[in-house]
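Position chain P relative to chain C; hints supplied.
Respectively, the protein sequence lines represent chains C and P. Read in order, the letters of the first sequence correspond to residues 3 to 368 in the working numbering. Read in order, the letters of the second sequence correspond to residues 992 to 1349 in the working numbering.
Treat the hints as calculated values from the structure; they're not laboratory data. Mixed in with the good hints, there may be bad ones.
Stated by the list, open to error - DEER-style ranges, computed between Cβ atoms:
1. P:Ala1309 x C:Asp245: 21 to 29 Å
2. P:Ala1309 x C:Pro84: 46 to 54 Å
3. C:Pro118 x P:Ala1309: 18 to 26 Å
What the hints assert, rightly or not - Listed next, the in silico DSS-like pairs over lysine-lysine satisfying Cα-Cα at most 27 Å (straight line):
4. C:Lys237 x P:Lys1183
5. P:Lys1313 x C:Lys242
6. P:Lys1183 x C:Lys25
7. P:Lys1269 x C:Lys279
8. P:Lys1314 x C:Lys237
9. C:Lys200 x P:Lys1314
10. P:Lys1313 x C:Lys200
11. P:Lys1269 x C:Lys119
12. C:Lys169 x C:Lys242
13. C:Lys130 x C:Lys25
14. C:Lys25 x P:Lys1281
Claimed, not checked - Below, a sample of chain P positions facing chain C; criterion: calculated Cβ distance under 8 Å:
15. Leu1187
16. Leu1294
17. Ser1296
18. Val1342
19. Gln1344
20. Met1345
C-beta: ideal position from N, C-alpha, C; glycine also.
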Amino acid sequence: MNFIIDREHLLAPLQHIVNVIEKRQTMPILANLLMVIKDEQLVLTGTDLEIQIVVRIKLDNMTAGTVTVPARKLLDICRLLPSTAQIKFTLQDDKLKINSGRSRFSLSTLPADDYPKFDEDTFSYQFKIRADRFKKALDKTVFCMANQDVRYYLNGLMINISNDQMKLVASDGHRLAVYDDSIEQQTGYETRIIIPRKGILELNRLLDDPEADLTIQFSDNNIRICINNLIFSAKLIDAKYPDFSKVFQQSFYPQIEIQKKTFKDALTRVSILANEKFKGIAFDINSDSLRISTHNPDREEAEEELLIDYPGEDISIAFNAQYFLDAVSNLDSELAIITIAENSSCCFIEDPNDERFKFIVMPMLL
Amino acid sequence: MARKIIHIDMDAFFAAVEQRDFPQYQGKPLVVGGMPDSRGVVSTCSYEARKYGIHSAMPAARALQLCPQAIFVKPRFAAYQEASRQIREIFRQYTDLIEPPSLDEAYLDVSLATACRGSAMLIAEDIKRKITAATQLTASAGVSYNKFLAKIASDLNKPNGIHLITPEQGPAFVETLPIGRFHGIGRATEAKMLALGIKTGRDLKKCSRELLLQQFGKVGNFYYHIARGIDNRPVNNHRTRKSFGVEMTFQQDIDDPELITRHFQDLLNKALNKLQQKKLVARTITIKIKYANFDLITRSRTLNSPLMTVTSCSRLVADLLKKTEIGTRKIRLLGVAFSSLEEQVQSRSGVRQMDLFA
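If we strip away everything but chain C, and leave its shape as in the complex, we get:
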């Protein structure tokens, strides 16, 4: 087995694959990536058994073969070679020889036959979407996913497809992001899946070409997304996503419009003196002002007053400053629309120019 390739063609695919591979392994071969050379193509595969990435690269100069090599070491070697380097790979017995200019490396290998197979079902559902459109939906939701919550179904992103509509939802229970968009095709089905957190974060990094057309296929247990010459596969979380619809079905106080930057700066300053563990800040809202205040166990205090025009009754409510800041920072327009439920059970944060996404933050009792 041998082939010659330009460093620039190899580097990005290697980086994507190494991101998936876990630093600590249960099986040594999982630290390796699989190289298959056949039909004038180099096919690279990396997996942590939950996610798999496969990249195809066209080759001109090659003889066929298969092998697995330590992925991180291979990446580091390629990364640190000069940017215009051409790299020659040759399999000699059980060593992979790497030559480029005056540099020579010899990497250990493990047999390709031992590389674990990533099991996938037949995919019963499919839709297509442009990468930039899907990436925007991810960017507006993933920050709300839970991390290592015992409610394991929250450690992921829910995608609901209902004929030509797509809904993405992420929540750690304390806040929730929801994104609705059309996928401009009649799929004729309604179904929902939960993609695990690590998979979603990796997938988001793969969407760097805004014009790529994605083909998204899934079954009850697996998802596969084709992005140009790359295939991303992941196992799905086998659970029912909790019902979040009740939060929409209640009465709200009149909405409040605030300049986003002024609001964000005020929140940031007040949160300096919030209790480090709980980050609690209080909102006191009346007809012409929103007062944001906090204090901490050292009896330090902060207060900011923002002028607003609010026709409803006075409201006092408290939130985790960080959750509120995360939501406000993710708005694209210069205005933020804040709407609080009448029983003070939650707060909606919306963008006046884009109805596709909404953020919901649950209050704190101080």
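This is chain P only, laid out in the frame that chain C set:
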């Protein structure tokens, strides 16, 4: 300056207390622990019983086979706790630096003690005398310049013995020691070391630190040092509880996964109640399984947020069980432990974050 550490170890403690309180047991092979018709194990046995090959952690049924005339009694922890309290009172006459890892032993740092002209050997002899006077029980003492050697020394002239290992003798003494006599090297590690050709302290000393770290992980550092007679662990007189656990041994080995799940529910209930009483929360859960052949495994998981409910813990346990051989092997003991303990802050400060799905 070298430290002066004494390790006091009561001789056949539980058995000795029983023989003291019930003179009819004196001079007889006595086993404290589970009953031979149950599936319990030997907790402690008298020296008379040890002659028949009975030892701690052996199934009681096996002990009966070895010595059919042995007397079996259940432990009376209240009596042992009382005796333990008496000996700790004696220790306090000499130093405040006392670390009792269990009821029947303690490490004392007497480096700064003034009694007996500061002689650790004389203090140890004094303590032994006072223990016998107060409790009619005997203890063995090890005197050395660190905990590791003091513990080994207390074992050398048992029962009612005393032994000194000086800083000059330490390194040479460790070299001659068979690897199985090292405290902190259990059966499994011993087997692994023997497989690596490490039979004695001398062999261990020849191993590079890198090799030990690679073979044994973090604890490799400890092995590297003790092979040279070095152990800088302080005598820790304010040990806080690091974990909390409950376990149960079954009358008959079980293998039905549903039954196992039900037992874990009970264990979780008990353990979480205990935590609640102590106003603690835990972030790490560990399950322990002893298979019918006494192979012991543990599996654990640490989260970012505290584990509060039986339901959430049950789910983690179910996940952890996937990494065991339940269903295929018979099981004799199940246990659950919580660690990464923290105080319950949330309820104290009254701050509460509302949850969408709660």
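Exercise. Okay, which hints does this one fail, numbers in order?
Worked result: Violated hints (numbers, rising): 4, 11, 13, 14, 15; every other hint is consistent with the structure.
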